[in-house]
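Q: Next come the chains, spelled out residue by residue.
Protein chains: 2
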Amino acid sequence: MKLQSFQDYPFTEGGVCAAQGFKANGVYCGLKHQELSTATQQAAAANEADDAAPKKNDLAMIFADKDCAAAAVYTSNKVKGAPIVVTKAHLQNGKARAVIVNSVNANTCNADGEEKANAMCRLAADALGIAPEDVIVASTGVIGQILPIEPIAAAIPALVDGLSYEGNEEAVHAIMTTDTREKQVAVRFQIGKHTCTLGGMLKGSGMIHPNMATTLTFLTTDCAISPAMLQQALSDVVRVTLNRVSVDGDQSTNDMVCVMANGLAGNHEIKDEGKDYAVFRGALYAVMLNLARMCAADGEGATKLIECVVSDAPDEKTAETIAKSVIESSLFKAAMFGADANWGRIACAMGYSDCEYDVNKVHVDLASAKGKITVAKNGCGVPFSEDDAKTILLEDEIQVLISLGSGEASAIAWGCDLTYDYVKINGDYRS
Amino acid sequence: MKLQSFQDYPFTEGGVCAAQGFKANGVYCGLKHQELSTATQQAAAANEADDAAPKKNDLAMIFADKDCAAAAVYTSNKVKGAPIVVTKAHLQNGKARAVIVNSVNANTCNADGEEKANAMCRLAADALGIAPEDVIVASTGVIGQILPIEPIAAAIPALVDGLSYEGNEEAVHAIMTTDTREKQVAVRFQIGKHTCTLGGMLKGSGMIHPNMATTLTFLTTDCAISPAMLQQALSDVVRVTLNRVSVDGDQSTNDMVCVMANGLAGNHEIKDEGKDYAVFRGALYAVMLNLARMCAADGEGATKLIECVVSDAPDEKTAETIAKSVIESSLFKAAMFGADANWGRIACAMGYSDCEYDVNKVHVDLASAKGKITVAKNGCGVPFSEDDAKTILLEDEIQVLISLGSGEASAIAWGCDLTYDYVKINGDYRS
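Protein sequences, first through last, are from chains X and W.
When you line the first sequence up against our numbering, it's residues 2 to 432, in that order.
When you line the second sequence up against our numbering, it's residues 2 to 432, in that order.
Don't read these hints as lab results, they were simulated from the structure.
From the three backbone atoms N, C-alpha and C, an ideal C-beta is built for every residue, glycine too.
Incorrect hints may have been included.
Mimicking DSS-like on lysine-lysine, the simulated pairs with C-alpha atoms at most 30 Å apart in a straight line are [unchecked claim]: (1) X:Lys-391 with W:Lys-79; (2) W:Lys-89 with X:Lys-378; (3) W:Lys-425 with X:Lys-33; (4) X:Lys-362 with W:Lys-33; (5) W:Lys-3 with W:Lys-362; (6) W:Lys-391 with X:Lys-56; (7) W:Lys-378 with X:Lys-33; (8) W:Lys-79 with X:Lys-362; (9) X:Lys-89 with X:Lys-272; (10) W:Lys-391 with X:Lys-79; (11) W:Lys-425 with X:Lys-373; (12) X:Lys-33 with X:Lys-67; (13) W:Lys-272 with X:Lys-89; (14) W:Lys-33 with X:Lys-391; (15) X:Lys-391 with W:Lys-425; (16) W:Lys-79 with X:Lys-318; (17) W:Lys-89 with W:Lys-79; (18) X:Lys-272 with X:Lys-67; (19) X:Lys-33 with W:Lys-373; (20) X:Lys-373 with W:Lys-33.
Output of the computed footprint for chain X on chain W, the stretches with three or more beta carbons under 8 Å from beta carbons of chain X [stated by the list, open to error]: (21) 74-81; (22) 110-116; (23) 138-146; (24) 339-353; (25) 418-427.
Chain X with its partners taken away, still in its complex shape (with noise of 0.2 Å):
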């Protein structure tokens, strides 16, 4: 998809590896959903037979060649999985070295989950010659199935050999699950005269929803910024995209998104709120606004990006509150599915968020790159050309434009459309 512009900021290559002085590598060490019953077994083992090529892989690192200051949020969900509570305990000094993350196993809900989250960490660790506190470990898959830890440990050697500054490309493709596209981004900004870069990588398709971190997302910088400003950064950004972010509103145990910051770039250490962290602050927007796109344009399932913008809000909770209500409806987003502008779901949703707006001085208009129909004013229907509409839908990026017309704040929510491939995917197989 077309990446969108923000300010500036001009787009760059090498996702992960953007940024001076950071490698990545991945590698397939055959991490494997267990306890499936005998029939799934077999279909498993047939699809392994049909495809003896490489397999995806599903063990990736990102190291970096010097200390990092670095951040992160994390789930709000209360079943956290076991390496988001070992990362929480390294990170608490704001810094980190190097990343280890493996998809297929969600290590959460098993009662060895800390114990193998910190074996991950201290064979990354071992293998790399920093301490096991630096390093920061994710985990993205099955809730509630024992990680093996040997086919990580014996992958380690591989994976570390394999490290380089063009390793973005195996990285992003061993932290995918239901993903089926690739979610990386980077852009370049000044900060003084010194050029940053930063740039990231994410995973995320189902169990997606807001107000958390949303998905595993990696981002690497090499602009001078101390721990507490990178964390301030993040927090703010995290807040306007991925935390409007919704593929099925259901909130992952194991999201987190962290950011390590090497200094690489030369710049002065940005320490408080001056123009030089505007600056970076835009530079994660530009990213983190992508990242975000892309997440809910790549759904589980989804055939189409759905991005609600509502403005003329009261306030921005106002706006925020009602385009989530929006992009999260189930019967709007299978509307959106078959093009049907079925604007009276929309109506329904606003009304059952929890916010205080006149439903009297509601517009809304959809649109598309094929154009824009008003389907709604002073909150009630106006007729429309139903074949337009239908043109407009059938594209797949659409844009919900709501005004509230009481007020100057306005938020965007990002979604997809809820589709029969959703059903396969999460009823088909365990994933």
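Starting from the known structure of chain X, fit chain W onto it as the hints suggest.
A: Using the frame of chain X, we list chain W on its own:
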């Protein structure tokens, strides 16, 4: 589906006509979806040609032989259907005599909505020889399309002429939209020496979500009870039945439950919270419990009823919140469609619910008519036979039994699986 007994309330036939002194009827008046695209109109025309036989009823009436105490609970959606506004005004005196209700068109978000709802009441009242203020009006169907009053006006004479004490079958079909099965239940009970009857019918398949009255439900009883106690019983029972059903998380603009009590059973009028009130409340619970289960089981596209029972909770609110969170999870619902014991999605949905509990004390069993298996103990997965799990989950009524291990409160919530047909119903055609 099999009715679920509650205490000693025997079931009886007749739905809204089961109690003495209530007639009902339903007719096809010819309400149609408007403003559809050319392609959709052609498809609809083809459908009608295919099916030139009798059309599905779309207009129903209930008429009581004498004045009734009446009570209702309405949607909490801020966008309210015009019939809700009109009915609320009419029930302020706690009395009613008749119900008129149409399907196909919700009469919501229309500038002339209240005018049309009032016209429906006036047409019904004139034909019945009662005051318009004694009529309850309801509409269900597409939002944002003008309701044509002419087909309703033309059909009223036949609707009134056909009223009968066995008219519940015609009426229950008239209120169905995407429902695939009629939903009616009635029970007998004793107040002193007097045998009373309470019965009802419900429509609802999509746009169904807790925290409101969910769907259209009409209840009638010949028990004598004051309007205040009738309202208290209804509000109390809605809380633990319909408000604990979710099909898709979408809360309708037109939801309403209303009950009319004509007193013909001859008992002493129930005016306070004594033993008689408890018996009446039990009857209401027995009827609404079954209507709630029918509603969930016939959720749009559903292949199975999911009942989530949370017990050993510190308080009822916690139990309710967790039970609802589980049955609302799209990922869990899709897993149930696939008969996949992916209990991690249960743990995940519990964890993001907004309440406090000790994740390390959670036990989870899955059960059906084919048996029961334990999938988690003390917050962690335990080994189980995937083949046994599959056998259990292939049934059409599944129980998720969750113990929080930290109290004595409990709650039940009802939902259904998420299937291809949910997407088909809501993506393919405007409903």
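Q: All hints, please: hold or fail.
A: Results for each hint:
Restraint check for X:Lys-391 and W:Lys-79: the C-alpha separation of about 28 Å stays at or below 30 Å, so the hint holds. Restraint check for W:Lys-89 and X:Lys-378: the C-alpha separation of about 26 Å stays at or below 30 Å, so the hint holds. A C-alpha spacing of about 33 Å is found between W:Lys-425 and X:Lys-33, which places the hinted pair above 30 Å, so the restraint is violated. The straight-line distance between the Cα atoms of X:Lys-362 and W:Lys-33 is roughly 28 Å, inside the 30 Å bound, and the hint therefore holds.
Under the criterion of a C-alpha separation no larger than 30 Å, the hint pairing W:Lys-3 with W:Lys-362 is inconsistent with the structure, at around 34 Å. For the proposed pair W:Lys-391 and X:Lys-56, the alpha carbon gap of about 28 Å is at most 30 Å, so the pair holds. Between W:Lys-378 and X:Lys-33 the alpha-carbon distance is near 23 Å, which keeps this suggested pair within the 30 Å criterion. Taking the CA atoms of W:Lys-79 and X:Lys-362, the gap is about 13 Å. The hint holds against a cut of 30 Å.
Of the supplied pair hints, the one linking X:Lys-89 and X:Lys-272 holds, its CA atoms being roughly 22 Å apart against a limit of 30 Å. Of the supplied pair hints, the one linking W:Lys-391 and X:Lys-79 holds, its CA atoms being roughly 28 Å apart against a limit of 30 Å. The straight-line distance between the Cα atoms of W:Lys-425 and X:Lys-373 is roughly 26 Å, inside the 30 Å bound, and the hint therefore holds. A C-alpha spacing of about 34 Å is found between X:Lys-33 and X:Lys-67, which places the hinted pair above 30 Å, so the restraint is violated.
Of the supplied pair hints, the one linking W:Lys-272 and X:Lys-89 is violated, its CA atoms being roughly 59 Å apart against a limit of 30 Å. Among the hinted pairs, W:Lys-33 with X:Lys-391 is consistent with the structure: their alpha-carbon atoms are about 20 Å apart, no more than 30 Å. Between X:Lys-391 and W:Lys-425, the direct Cα distance comes to roughly 17 Å. Compliance with the 30 Å bound is thereby established for this hinted pair. As the CA atoms of W:Lys-79 and X:Lys-318 are separated by approximately 17 Å, the hinted pair is consistent with the 30 Å bound.
This hinted pair checks out: W:Lys-89 and W:Lys-79 have alpha carbons roughly 14 Å apart, not beyond 30 Å. For the proposed pair X:Lys-272 and X:Lys-67, the alpha carbon gap of about 19 Å is at most 30 Å, so the pair holds. Taking the CA atoms of X:Lys-33 and W:Lys-373, the gap is near 27 Å; set against the 30 Å cutoff, the hint holds. About 27 Å separates the Cα atoms of X:Lys-373 and W:Lys-33, which keeps this hinted pair within 30 Å; it holds.
Proximity of the stretch 74-81 of chain W to chain X, defined as three or more residues with a beta carbon under 8 Å from a beta carbon of that chain, is established by the 5 residues found. Given a C-beta distance limit of less than 8 Å, the hint that chain X covers the stretch 110-116 of chain W holds, as 3 residues qualify and 3 suffice. A stretch counts as covered by a chain when three or more of its residues have a beta carbon under 8 Å from one of that chain; for the stretch 138-146 of chain W and chain X the count is 4, and the coverage holds. Remark: the stretch 339-353 of chain W is confirmed as covered by chain X, as 12 of its residues place a Cβ nearer than 8 Å to a Cβ of that chain, reaching the required three.
Given a C-beta distance limit of less than 8 Å, the hint that chain X covers the stretch 418-427 of chain W holds, as 9 residues qualify and 3 suffice.
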